[in-house]
Amino acid sequence: MSDFHTHTVTGLSRLLADKQASATELAQHFLARSQARPDLGAYLSIDEAATLAQAKLADERRANGQATPLTGVPIAHKDIFVTREWPTTAGSKMLENYRSPFDATVVARMGFGNRDQGGQDDGAGMVTLGKLNCDEFAMGSGNENSAYAKAHNPWDVSRVPGGSSGGSSAAIAARLAPAATGTDTGGSIRQPAAFCGVTGIKPTYGRASRYGMVAYASSLDQAGPMAQTAEDCALLLSAMCGVDADRDSTSLDVPKEDFSLKLNESIEGLRIGVPKEFFGEGLDDDVRVAIEAALKQYEQLGAKLCEISLPTAPVSIPVYYIIAPAEASSNLSRFDGVKFGHRARDFTDLASMYENTREEGFGDEVKRRILTGTYVLSHGYYDAYYLKAQQIRRLIANEFQQAFQNCDLIAGPAAPSVAWKIGADKDPLDDYLADIFTLPASLAGLPGMSHPVGFGNGGMPVGLQLIGNYLQESSLLNAAHRFQQATDWHTRTPEGI
Numbered sequence: 001m002s003d004f005h006t007h008t009v010t011g012l013s014r015l016l017a018d019k020q021a022s023a024t025e026l027a028q029h030f031l032a033r034s035q036a037r038p039d040l041g042a043y044l045s046i047d048e049a050a051t052l053a054q055a056k057l058a059d060e061r062r063a064n065g066q067a068t069p070l071t072g073v074p075i076a077h078k079d080i081f082v083t084r085e086w087p088t089t090a091g092s093k094m095l096e097n098y099r100s101p102f103d104a105t106v107v108a109r110m111g112f113g114n115r116d117q118g119g120q121d122d123g124a125g126m127v128t129l130g131k132l133n134c135d136e137f138a139m140g141s142g143n144e145n146s147a148y149a150k151a152h153n154p155w156d157v158s159r160v161p162g163g164s165s166g167g168s169s170a171a172i173a174a175r176l177a178p179a180a181t182g183t184d185t186g187g188s189i190r191q192p193a194a195f196c197g198v199t200g201i202k203p204t205y206g207r208a209s210r211y212g213m214v215a216y217a218s219s220l221d222q223a224g225p226m227a228q229t230a231e232d233c234a235l236l237l238s239a240m241c242g243v244d245a246d247r248d249s250t251s252l253d254v255p256k257e258d259f260s261l262k263l264n265e266s267i268e269g270l271r272i273g274v275p276k277e278f279f280g281e282g283l284d285d286d287v288r289v290a291i292e293a294a295l296k297q298y299e300q301l302g303a304k305l306c307e308i309s310l311p312t313a314p315v316s317i318p319v320y321y322i323i324a325p326a327e328a329s330s331n332l333s334r335f336d337g338v339k340f341g342h343r344a345r346d347f348t349d350l351a352s353m354y355e356n357t358r359e360e361g362f363g364d365e366v367k368r369r370i371l372t373g374t375y376v377l378s379h380g381y382y383d384a385y386y387l388k389a390q391q392i393r394r395l396i397a398n399e400f401q402q403a404f405q406n407c408d409l410i411a412g413p414a415a416p417s418v419a420w421k422i423g424a425d426k427d428p429l430d431d432y433l434a435d436i437f438t439l440p441a442s443l444a445g446l447p448g449m450s451h452p453v454g455f456g457n458g459g460m461p462v463g464l465q466l467i468g469n470y471l472q473e474s475s476l477l478n479a480a481h482r483f484q485q486a487t488d489w490h491t492r493t494p495e496g497i
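So in UniProt numbering the end of the sequence shown lands on 497, straight run, no missing numbers.
Note that these hints are calculated values from the structure, not bench results.
Using N, Cα and C, we set each Cβ at its ideal position, and we do this for glycine too.
Label pairs and their in silico Cβ distance ranges:
| id | residue 1 | residue 2 | range |
| --- | --- | --- | --- |
| 1 | Ser219 | Phe347 | 29 to 37 Å |
| 2 | Gly458 | Leu350 | 46 to 54 Å |
| 3 | Leu305 | Ala351 | 57 to 65 Å |
| 4 | Leu395 | Asn64 | 49 to 57 Å |
| 5 | Gln485 | Ala384 | 47 to 55 Å |
| 6 | Ser330 | Gly458 | 34 to 42 Å |
| 7 | Arg288 | Asn398 | 26 to 34 Å |
| 8 | Gly380 | Pro428 | 23 to 31 Å |
| 9 | Gln485 | Pro428 | 35 to 43 Å |
| 10 | Ser330 | Tyr98 | 19 to 27 Å |
| 11 | Glu268 | Thr493 | 30 to 38 Å |
Here are the computed lysine to aspartate or glutamate pairs in the EDC-like style, where the Cα-Cα straight-line distance is at most 20 Å:
| id | residue 1 | residue 2 |
| --- | --- | --- |
| 12 | Lys367 | Glu355 |
| 13 | Lys19 | Asp3 |
| 14 | Lys304 | Asp408 |
| 15 | Lys421 | Asp286 |
| 16 | Lys296 | Asp286 |
| 17 | Lys256 | Asp122 |
| 18 | Lys56 | Asp18 |
| 19 | Lys276 | Glu292 |
| 20 | Lys367 | Glu96 |
| 21 | Lys296 | Asp488 |
Could you put together the complete structure from these sequences and hints?
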């Protein structure tokens, strides 16, 4: 069968269960497609032998009756998750050719557990296709900050795929992988999903373990899945999430959940809050038209729209770009050339080794954020900037809780525009503005997702963002699933795919 790439994760799972395909056949098919499209810059690392070895294990599991629904289904991982069998670079020269001695918890849970580390073979059994491109240390909104290559949007290769999980969204849109992992600090799952016409979800902060995820801003970073459909994301999120308190102190101690169980529930009477602040100045007209049409579709499905207000949401950008760089300046201090990663060849003493290593290893955007973060944490500026930002962050979280007294979910645009042209975004502030609608939920630690709802200028995809209250991922996924059952936006593919 040569059309494996036309199937969703759920469809591939059925093919495997019905023995119409093997894990090895699927792996070979997606590897061939991925290797045939280097122009998209979606992958940073592919190891055919390692992938096929995992596929063989998956086939053995199925033959022995030990399979999960995801066993043998291919997946690719954002190159921010450490892996033993593939290099982990975080899109930076600082970690060029770095090999981790262990797998990130998310990778292990979706793959083959801790088998290679003497533990149980207790993962979901998904087969890794390779590592996907991303903005350096997940800092960016267009995947233009990768130290290795710019990723391209399959809908128009002259445009960005979004960021920082741009390689993930591009790979799914081009059907180079049926599923991918992403990370979302300020919108880096939801915004690229919107730009590439795929579905992605950021769960409640703490739902998915951060162990083995190269840190950017520890109080904001969260892993999540990206795929074609909400149904796929429900399957993937179920495998990904779970308590990991021994290795991640921010891991939530909540029961493991099957997010597929509530799919297909009626959304009759579902109260969807529409923040007036999300529809003011700065939202492009083509995006507004698509979002408003999607909201009408939800009404036709039985949901009720109500206007709400998140008055502090517009200041999310300055709040985020104080808190996130402050945490980054601390997290990235470990990259100094001493224990691992890049080390400068030319230096005269320890101080010059630090300076030269960081000058050579970090890109401009990473340096910019480290300097910003160091400044706001410095004596005399901590109270004026960092402390004040944390206080406003609490106000934003409180406003969401007030809003959820009047609605069940919140909906609005995932981004203010469609994907822009590569190289067109010269001012870093313009790049930061691309996350204006996704930042509030990130600062509050709430779950949020994006799903395709139409097209804007240039035939580029538009995504609707749904935000839920804490631990309400099932409600988000069900709402998106019901929308996708009634529409076909999520089935559209770029020309020639």
